[in-house]
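J.: Going line by line, the protein sequences match chains A and B.
Here the first sequence is numbered in our numbering, starting from 145 and rising by one per residue.
Here the second sequence is numbered in our numbering, starting from 145 and rising by one per residue.
Be aware that a few hints might be false.
One copy or two, it doesn't matter: identical chains are merged, so the pair holds either way.
[Claimed, not checked] Below, computed lysine-lysine pairings styled on BS3-like, alpha-carbon distance capped at 25 Å:
{"#": "1", "residue 1": "Lys324", "residue 2": "Lys370"}
{"#": "2", "residue 1": "Lys251", "residue 2": "Lys270"}
{"#": "3", "residue 1": "Lys251", "residue 2": "Lys299"}
{"#": "4", "residue 1": "Lys250", "residue 2": "Lys186"}
{"#": "5", "residue 1": "Lys186", "residue 2": "Lys324"}
{"#": "6", "residue 1": "Lys324", "residue 2": "Lys270"}
{"#": "7", "residue 1": "Lys262", "residue 2": "Lys299"}
{"#": "8", "residue 1": "Lys209", "residue 2": "Lys370"}
{"#": "9", "residue 1": "Lys251", "residue 2": "Lys324"}
{"#": "10", "residue 1": "Lys209", "residue 2": "Lys382"}
{"#": "11", "residue 1": "Lys250", "residue 2": "Lys270"}
{"#": "12", "residue 1": "Lys382", "residue 2": "Lys160"}
Keep in mind that the hints were calculated from the coordinates and are not lab data.
2 protein chains.
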Amino acid sequence: MKMSLGKMIYEGKAKKVYQWTEDKNKVFLEFKDSLTAFNAQKKGSFENKGSINRDIAVLIFQYLKSKGIPSHFIERIEDRGMLVQQVEIIPFEVVVRNWLAGSTAKKLGIPEGKVLKKPLVEFYLKNDELADPFVSEDQMLMLELTTPSEITRLKELALQINQQLIQLFDQMNLTLVDFKVEFGKNHQGEILLADEITPDCCRLWDKTTQEKFDKDRFRRDLGSVKESYTEVLNRMKKIVGGQS
Amino acid sequence: MKMSLGKMIYEGKAKKVYQWTEDKNKVFLEFKDSLTAFNAQKKGSFENKGSINRDIAVLIFQYLKSKGIPSHFIERIEDRGMLVQQVEIIPFEVVVRNWLAGSTAKKLGIPEGKVLKKPLVEFYLKNDELADPFVSEDQMLMLELTTPSEITRLKELALQINQQLIQLFDQMNLTLVDFKVEFGKNHQGEILLADEITPDCCRLWDKTTQEKFDKDRFRRDLGSVKESYTEVLNRMKKIVGGQS
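Only chain A is shown next, with the shape it has when bound in the complex (with noise of 0.2 Å):
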């Protein structure tokens, strides 16, 4: 398999992202140890971070490929690795939000950990420069970087997928809080969803304790950042199996 690995295209704040040389519509992504918040003005790292997120990521997957979740996954590989289909990236992150907290809580004035309702999406546009800013559906229309029916599709998948998180996470006695996706087109046009879905786009809090298992660990210097992130891999293992 290692011989298909081509030269590295992208390096990101997480992920190395790689040519695949057997077929150009698949990239390899290595998942790197380092941790970085607050628009990578604050890094770290811990050993087998890269290993512990790729394992949490490809049991994601799995499990909302069960569900009928598109995504861009393919498969595992050793020792940090995943095969996935090349798609480009649709510039928006998008976030789903149960309970307020981070920077949607602060901007309202709202205490975190407000039970919402109803799940809250939002998008945020993929730019570092900016610091990735908060806008409305109108606006990104206005960039012309979507299209409605795009947003409509968006809105839907990261709502399903929020209904299927839930319940896994609710199995391992975590509430999902909130969490950040990436969609993209793969080749044929098809949204998928890509990127990753770990604790470092996610808020996991404890059912019981309300502790946080995610990366407010890291930003917030609670300690124990690897502890927790094994942690929620360990959790996650007892409910949907998967290689180790």
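Once you have looked at the hints, place chain B on chain A.
T.: Same frame as chain A, but now just chain B:
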């Protein structure tokens, strides 16, 4: 008339609001000489500003009324007053942009002056403490401060006002770059244009020289603030007449 003036109910940044003793469904607005920017962190004033802005607001409300746009305006009262319908303000500032400028241009990294293919409507939560954060329609609904049909009506009215004002300012050789309006509900539940439309809440650029004739002269220390506001009033009087 003045004998109907009751006690002050509220003092805002640019206006005072008084009860109108002979009719509880009416209130009296007094336009102040003060000028504020950046959520009142920058303060200033000029002589007759209240009277000039009141005159501009009156002419605009009268013009919009003749075009079928419902507003709270009842009548002009000397020397810096206006009698209006008592309304409950819908707590969102509605911004319409024809050209990009100000906060949205900055947020999206687009140079000021980009002409939009169609007008962009934006909503900002009215909350001084939170510095009037930009909100999406889904966030507005989550806050339970409005309804889907009310949002539809606000956008419809804002775009109608925009179409009429573009034509008015065009005759004054001014480009209506953007403007902010507020709406309120009267005691019958009717949604009315409220607050004011003046150079305090519009961007007006001379069509020939691109010179600014609005609060950006104050915000950005461009000088000739009073002269610019006076010029807007004088050009407007030539087009729509009115008392002086």
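J.: Give the relationship of Lys186 and Lys324 under a CA distance limit of 25 Å: within one copy only, between copies only, both, or neither.
T.: Classified as within: same-chain Cα gap 19 Å, cross-chain 37 Å, threshold 25 Å.
J.: Since the copies are identical, ignore which copy is meant and state whether Lys250 and Lys270 lie within 25 Å (CA to CA) inside a copy, between copies, both or neither.
T.: Answer is both; intra-copy 20 Å and inter-copy 15 Å each pass.
J.: Given identical chains, is Lys251 near Lys270, meaning Cα to Cα at most 25 Å, within a copy, between copies, both, or neither?
T.: Classified as both; 19 Å inside a copy, 12 Å across copies.
J.: Should Lys324 paired with Lys270 be assigned to within, between, both, or neither, using CA atoms and 25 Å as the limit?
T.: within (12 Å within a copy, 27 Å between copies)
J.: Using 25 Å as the alpha-carbon threshold, which applies to Lys209 and Lys382: within, between, both, or neither?
T.: This pair counts as within: shortest intra-copy Cα distance 18 Å, inter-copy 67 Å.
J.: Could you place Lys262 and Lys299 in one of the four classes (within, between, both, neither) given a Cα distance threshold of 25 Å?
T.: both (13 Å within a copy, 24 Å between copies)
J.: Checking Lys251 and Lys299: alpha-carbon separation at most 25 Å within a copy, between copies, both or neither?
T.: Classified as both: same-chain Cα gap 22 Å, cross-chain 23 Å, threshold 25 Å.
J.: Is it within a copy, between copies, both, or neither that the alpha carbon of Lys250 lies no farther than 25 Å from that of Lys186?
T.: For Lys250 and Lys186, the Cα distance is within 25 Å both inside one copy (19 Å) and across copies (24 Å).
J.: Given identical chains, is Lys209 near Lys370, meaning Cα to Cα at most 25 Å, within a copy, between copies, both, or neither?
T.: neither (27 Å within a copy, 65 Å between copies)
J.: Is it within, between, both, or neither for Lys382 and Lys160, if the alpha carbons may be no more than 25 Å apart?
T.: neither (29 Å within a copy, 64 Å between copies)
J.: Give the relationship of Lys324 and Lys370 under a CA distance limit of 25 Å: within one copy only, between copies only, both, or neither.
T.: within (20 Å within a copy, 48 Å between copies)
J.: Given a CA cutoff of 25 Å, do Lys251 and Lys324 count as a within-copy pair, a between-copy pair, both, or neither?
T.: both (18 Å within a copy, 20 Å between copies)
Hint compliance for this structure: hints 8 and 12 are broken, all remaining hints hold.
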